[in-house]
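Peer 1: Produce the entire structure from the sequences given, and follow the hints as far as they go.
Per my numbering, numbering through the sequence shown is continuous, rising by one, with the last residue being 139.
Warning: the hint list may mix true and false statements.
List time: in silico DSS-like cross-link candidates among lysine-lysine, alpha-carbon distance up to 27 Å [as the list claims (entries may be wrong)]: (1) Lys30 x Lys114; (2) Lys114 x Lys48; (3) Lys73 x Lys30.
What the hints contain is simulated information worked out from the structure, not anything from laboratory work.
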Amino acid sequence: MLEAVLGERFEGILASDCLNSYESYDAAWKAKCLGHLIRDFRGLQEEKTGIAARFASRGLDICRDAIALKGMKSTLPQEVYDAAILDVVDRVTELIQGRYSDPDNVRLANRVAKHMTGFFLFLEVDGLDATNNRAERQL
1 MLEAVLGERF EGILASDCLN SYESYDAAWK AKCLGHLIRD FRGLQEEKTG
51 IAARFASRGL DICRDAIALK GMKSTLPQEV YDAAILDVVD RVTELIQGRY
101 SDPDNVRLAN RVAKHMTGFF LFLEVDGLDA TNNRAERQL
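Peer 2: Structure representation (structure tokens):
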């Protein structure tokens, strides 16, 4: 279906959720919806306890901080903004490299690892939203 609409290759940024059907499509850049990730972290936070719930809380904090950072971009010197992006990346890396016994935590950590660049691409691209809500509404 994507090929019928966008052609064999899309030279822009394809914003989507993490469905496998988007993985095989050839796009210059693939942004992933942070809103979907936030929803998944919230779900785990509500249903889990202890360490499993803390994983979700940490993930939510990182996502919220990334969105807040993007909102402050115009008020920060570029070097401060860039350093803050690196801090987000470091925190995400630490989160996904944890050793988790809860299978839902493992599954979500693996998804974040697979799509980390796409989830946080909005921090580096002016005009790119953190979510694919606009794209979904246009469908």
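Peer 1: Next step is simple, just say for each hint if it's right about the structure.
Peer 2: Verification of the supplied hints:
1. Lys30 x Lys114: holds (12 Å)
2. Lys114 x Lys48: Answer holds: Lys114 to Lys48 is near 23 Å, not above 27 Å.
3. Lys73 x Lys30: holds (22 Å)
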